[in-house]
Amino acid sequence: MDTRQWMSILLSLATALMLFVMYLSYRKRHLQVARTMIFVMLAASCYAFGYAFEILSESLEGVKLSLQFEYLGIPFVSAFWLLLVIQFTGTAARHRKLLVLLLFVIPIATFVLHLTNDWHHLIYIEYVRNAESAIPVYYTVKGPWYSVHAFYNYTILLFGILLFIPMYLRSLPIVRKQIAVLIVGAATPMLFNIAYMFGKVIDFTPFGFAASGVVYAWGIFRFHLLRLTPLAFAKVFDTIRDGVVLLDYEDQIINHNKAAEEVFPELSGTKSFPAQGKDVLSAYPELLQRISASDSQDERFTFQSYQSDRHKHYICSLSFIYDTGVTPIGKMLMFNDVTELMENEAKLREKSQRLSQLNEFKDKLFTVVAHDIRDPIALLVSLTELLGEEPTDADIAHAEVFQEIRRQVSSTFHLVDNLLDWYRSQNGAVSFRPVVWNLQQVVRQALSLAGARANMKQIQMIELVDESLTVNADKEMLDLILRNLLSNAIKFTGIGGRIEIGATMEGGLVHISVRDNGAGIDEETSRLLRQEELFFKKPGFVNEGGEEVRFGLVLTREFLRIHGGSLQFESIPGEGTTFIIALPGSASGRETISSDRTGVRANESYIG
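Going by this note's numbering, the sequence shown opens with residue 866, and the numbers climb by one from there.
These aren't lab readings, by the way, just hints derived from the structure by calculation.
Glycine is no exception: its CB is placed at the ideal position from the N, C-alpha and C atoms.
Where hints are given, some of them may not hold.
Claimed, not checked - In silico DSS-like cross-links for lysine-lysine, where the CA-CA straight-line distance does not exceed 25 Å: (1) Lys-1177 <-> Lys-1196; (2) Lys-1007 <-> Lys-1042; (3) Lys-1042 <-> Lys-929; (4) Lys-1123 <-> Lys-1177.
Stated by the list, open to error - Label pairs and their calculated CB-CB ranges: (5) Trp-984 <-> Ala-1140: 56 to 62 Å; (6) His-1178 <-> Arg-892: 56 to 62 Å; (7) Glu-1388 <-> Arg-1219: 41 to 47 Å.
Assemble the whole structure, with the sequences as input and the hints as a guide.
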């Protein structure tokens, strides 16, 4: 087997290798750079495979036919490679279509001129039989356009390498390796072609493309060449909101993103990288000391800077970058701006302090209400009651005014009393100690306390509670509940009216009813009672202490909720109202018969 056959076999193997790289690129065809790599390898394989046939050809016609096949790829290899570089680096993204059009003008012209070379001889002037050697059978005398073609190819190859240099300097290690693979893959055939241009008879450029195929295949498998391009890395790097600064093993700054310039304005003024970190960041000695003192351990720490008349706060992460082994080759600093968070925390602390002060003031205010307002009002209530017991002849003329004053003072006293009780319940000052109580005794005690007010209006108060019925309740809360319900019934029951208190045991709950035959609750009042507002004035009953009614009912509802009970009311305007409360019964309690609860009921609703 002679040399020509060996060379043709090697060129065929090179073609097969480049087709394999095409296949690998095709698997990643969703990436733009992978699609371009397909065309690069396709053009190079046409060159190699056509050259294999040129070496084996014995006739001039066979040589020309082989050259026609070679020129399917020769003019386009370099152009496609530069397009690959443009896509990797993101050059002229807005004018990409126009750039591609200009890039392929000369390659297309070269292809057409070679196709018609026999008419004008601009590519090859003549083909000369090689009498000294068998390889090649014919060598060519180059025409003027061939020089244009060669100059164009070398220019765009050099331009592509120049595009890679700045990106190589500011890229991550994995990206640098990808860029190195692309540069080596382009430089190898270029060096073989330069040797051919300077006197070598045999063109070994196709073998250079075979070497490129090996390099590209290795890059695909070893460095994921077609998975994520340097442009994608750069976009991710630049769009990170956190500031990122990359340093090498000598603590030189090799790259940074735009967000880092907001942290360190000195970076934007640095002309070239890599740059000494101690020079660029000289204004931050504590940070430099932290970076240099690190011992291959990732860490987090706080960092502060003063920018634009404002203190900036950052959480800094220092991470080490390793090669394929365990040797650190650099460091990465990330700065997360937490200035707004810190300022919000300061504002929250300030507001919390103010709220604490307001709470202290509120406690002092209710202390004043309890001691300096409640006691004088209680004294006024006692005095008005004493005066009311023994009226003189002079007082009779002013009896109506006096009675009104007494009602107002009494209403105000109960309102303040309820307000203080409610405040203690909301503030956690009221302790809840449920104990078993005889309900009849508790009700009779409440009736005794309310008897004086009922007698003034000649209201008949009837107790219908079984003596054996017991409840599990807090005594103070239960007294307040009954006091408020009875006070409400007396207030809205006319002279000579009737109030009944009864109780039944149903399913473990004791239902206590307070029924009167007073004015009842109209629709508007019923709606207001179902609301959660703490303050309420019943239309038409302002002088009757509407605030006390509403507040007393609210307090009753809250204390019943603490017991796990409920408050229900039934009312017919003009006929009367029934309030029904539910409290837990005791184990000793048994079902009893209460007052008759038949009759028409309307406006039934639960409060709570």
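Next item on the list: Starting from the hint list further up, note which numbers the structure goes against and sort them upward.
Entry: The structure conflicts with hints 2, 3 and 6, although it agrees with all the remaining ones.
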